[in-house]
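Make the full structure from the sequences, and use the hints.
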Amino acid sequence: MNHFQYVRPTETAGAIKSLAKDPGAHFLAGGTNLVDLMKMNIVIPERLVDINRLPLKQIEKTPSGLRIGALATNSAVADHPLVKEYFPLLSLALNAGASPQLRNMATVGGNMMQRTRCPYYFDTLMPCNKRAPGSGCGAMEGYNRMHAIFGASDKCIAVNPSDMNVALTALDAVVHISSTKGTRKIEFAEFHRLPGEQPELDNHLQKGELITTIELPASSFTKNIEYLKVRDRTSYAFALVSVAVGLDIQNEVIASAALAMGGVAHKPWRLKTVETFLKGKAASENVFREAAAIAMKGAKAYEHNQFKLKLAPNTIIQALKTASGIVS
Amino acid sequence: MSRKKPCTLSGAGDLPGESRRDFLKQSSLLTAIALAPDAILKAAGEHWDEKIAGVFEKIALELEVNGVTHQFSVEPRVTLLDLLREELHLTGTKKGCDRGQCGACTVHVNGTRINSCLSLAVTNDGKKITTIEGLANGNTLHPMQDAFIKHDGFQCGYCTSGQIMSAVALLKEGRANSETEIREYMSGNICRCGAYPNIVNAITEVKKGGLS
Numbered sequence: 001m002n003h004f005q006y007v008r009p010t011e012t013a014g015a016i017k018s019l020a021k022d023p024g025a026h027f028l029a030g031g032t033n034l035v036d037l038m039k040m041n042i043v044i045p046e047r048l049v050d051i052n053r054l055p056l057k058q059i060e061k062t063p064s065g066l067r068i069g070a071l072a073t074n075s076a077v078a079d080h081p082l083v084k085e086y087f088p089l090l091s092l093a094l095n096a097g098a099s100p101q102l103r104n105m106a107t108v109g110g111n112m113m114q115r116t117r118c119p120y121y122f123d124t125l126m127p128c129n130k131r132a133p134g135s136g137c138g139a140m141e142g143y144n145r146m147h148a149i150f151g152a153s154d155k156c157i158a159v160n161p162s163d164m165n166v167a168l169t170a171l172d173a174v175v176h177i178s179s180t181k182g183t184r185k186i187e188f189a190e191f192h193r194l195p196g197e198q199p200e201l202d203n204h205l206q207k208g209e210l211i212t213t214i215e216l217p218a219s220s221f222t223k224n225i226e227y228l229k230v231r232d233r234t235s236y237a238f239a240l241v242s243v244a245v246g247l248d249i250q251n252e253v254i255a256s257a258a259l260a261m262g263g264v265a266h267k268p269w270r271l272k273t274v275e276t277f278l279k280g281k282a283a284s285e286n287v288f289r290e291a292a293a294i295a296m297k298g299a300k301a302y303e304h305n306q307f308k309l310k311l312a313p314n315t316i317i318q319a320l321k322t323a324s325g326i327v328s
Numbered sequence: 329m330s331r332k333k334p335c336t337l338s339g340a341g342d343l344p345g346e347s348r349r350d351f352l353k354q355s356s357l358l359t360a361i362a363l364a365p366d367a368i369l370k371a372a373g374e375h376w377d378e379k380i381a382g383v384f385e386k387i388a389l390e391l392e393v394n395g396v397t398h399q400f401s402v403e404p405r406v407t408l409l410d411l412l413r414e415e416l417h418l419t420g421t422k423k424g425c426d427r428g429q430c431g432a433c434t435v436h437v438n439g440t441r442i443n444s445c446l447s448l449a450v451t452n453d454g455k456k457i458t459t460i461e462g463l464a465n466g467n468t469l470h471p472m473q474d475a476f477i478k479h480d481g482f483q484c485g486y487c488t489s490g491q492i493m494s495a496v497a498l499l500k501e502g503r504a505n506s507e508t509e510i511r512e513y514m515s516g517n518i519c520r521c522g523a524y525p526n527i528v529n530a531i532t533e534v535k536k537g538g539l540s
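Protein sequences, first through last, are from chains B and F.
Numbering of the first sequence is given in my numbering, commencing with residue 1 and proceeding in unit increments.
Numbering of the second sequence is given in my numbering, commencing with residue 329 and proceeding in unit increments.
Honestly, the hints are just simulated from the structure, not real lab data.
In this text, a Cβ means the ideal position worked out from N, Cα and C, and glycines have one as well.
Do not rely on the hints blindly, as some may be mistaken.
So the derived label-pair ranges between C-beta atoms look like this [what the hints assert, rightly or not]:
{"hint": "1", "chain 1": "F", "residue 1": "H417", "chain 2": "B", "residue 2": "G325", "range": "54 to 60 Å"}
{"hint": "2", "chain 1": "F", "residue 1": "G395", "chain 2": "B", "residue 2": "G325", "range": "49 to 55 Å"}
{"hint": "3", "chain 1": "B", "residue 1": "R117", "chain 2": "F", "residue 2": "G395", "range": "47 to 53 Å"}
{"hint": "4", "chain 1": "F", "residue 1": "G537", "chain 2": "B", "residue 2": "N251", "range": "46 to 52 Å"}
{"hint": "5", "chain 1": "F", "residue 1": "E392", "chain 2": "B", "residue 2": "T124", "range": "34 to 40 Å"}
{"hint": "6", "chain 1": "F", "residue 1": "E509", "chain 2": "B", "residue 2": "T62", "range": "51 to 57 Å"}
{"hint": "7", "chain 1": "F", "residue 1": "C425", "chain 2": "B", "residue 2": "I186", "range": "32 to 38 Å"}
{"hint": "8", "chain 1": "F", "residue 1": "L469", "chain 2": "B", "residue 2": "K181", "range": "55 to 61 Å"}
As structure tokens, this is what we get:
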């Protein structure tokens, strides 16, 4: 690992200033991704601004929902009584990610900033437009079993690895951001971006900005929910495909639905057209099959991830069945 | 926090004779740093010369490890795992993958289990660390250690300290209510010998109070 300067501010404003001073500076939160990338010489910071002492760990009720500090750990959020009661889908998704030890370290803000697990991003001997813009994409013609089937570009077919992001997208979370210029907020679904011509950018956070809080608006998805993650081993593996489902079923009719997928795109993949389709329909396997077909429109596979074209709709159907309580 | 000025490192008079070559090597680097700090920072990143470490500031750090308070002065890039093993010679905590994928380095920080390989030591300033060496009470093993021996919860033993630290935390978290739950919440600890069934049995026995 390279040498770097280390600073440990205790106030948010100081942390932001400290980062702004140095173009080679990075924020350090849980470190579960950044420290790993530093060991691989993929990220070589000149300064680390350790933000772990900033007062951004709170999890508290708001008049209409919940506010989660960006430095709350994944396990603190997953196990919090308010999250379990009002946003159980978030709890499920968080507990499906990583391992207990990593969830005790990783933070909400850090999880949002997590880089892809594409092996070509990690292998510095291989081309990767995300790691070294302009060098090419090793995955496109390479071993692309884990890769995207939606929204990819000819520059990058990597996927976002986070489970938490999938749930937060489905739950219409809002991201609060601070910088030396002030504060702003952005819809969670608009936080991450597709690779397009600039796959080196995972999201719309600007240099010098700090994620401070995630706000969850009141949700009706407390009962009929599911986070179904399909992976190569039962636990502690990244998703091949995952689906977050929230249904509000009133008198056996779906009053509203929220769906998002993981493991299929450069960003958490919200299924808005499916949500519209499901609204007002009675839950049934046939309806869910139709929903899955709608979800798959525009999907494109590569040499080694053809299986995702079958796995993804099947995962959607199964997640909808579990969420709605239909047992086949 | 400012970078240490090169001149504060050491005078030539402080160096033992055999270190003269090192001093000359360092002093030329120091000159280079004075001229172009950013370039040298990048050079360090590319491992041009490990000796350059000496001119970077070390951070004061206080940790309570297994009940004993220690003061350190460490480079910020040192992980908690390396500090425990290399500075305190507590080699019970193992370095497996060194990338947060195997769990061999699991320790407790303020009672919470973490992967010490992904935790920079300086970020733990003022915290309480428990390693496998801190579990036993004198010559009396922790019930989980006893259970691992009784149930043969290991073969080569390399993952064992991490497994035991995770297992102890698991009980405290209240996550050992079924075999399925134990397996799910022990998934951050990989055992390449495949001692999993015996590990689950050991944890189950301690959970039931058999060895406590």
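Hints and how they fare:
1. F:H417 x B:G325: 54 to 60 Å: holds (57 Å)
2. F:G395 x B:G325: 49 to 55 Å: For B:G325 against F:G395, whose Cβ atoms are near 51 Å apart, the range 49 to 55 Å holds.
3. B:R117 x F:G395: 47 to 53 Å: violated (39 Å)
4. F:G537 x B:N251: 46 to 52 Å: The hint (46 to 52 Å, Cβ to Cβ) holds, given that F:G537 and B:N251 are roughly 48 Å apart.
5. F:E392 x B:T124: 34 to 40 Å: About 38 Å separates the Cβ atoms of F:E392 and B:T124, which means 34 to 40 Å holds.
6. F:E509 x B:T62: 51 to 57 Å: Given range 51 to 57 Å: violated, Cβ gap about 32 Å.
7. F:C425 x B:I186: 32 to 38 Å: The hinted range 32 to 38 Å holds for F:C425 and B:I186, with Cβ atoms some 35 Å apart.
8. F:L469 x B:K181: 55 to 61 Å: Holds, at about 58 Å.
When each numbered hint is compared with the structure, violations occur for hints 3 and 6.
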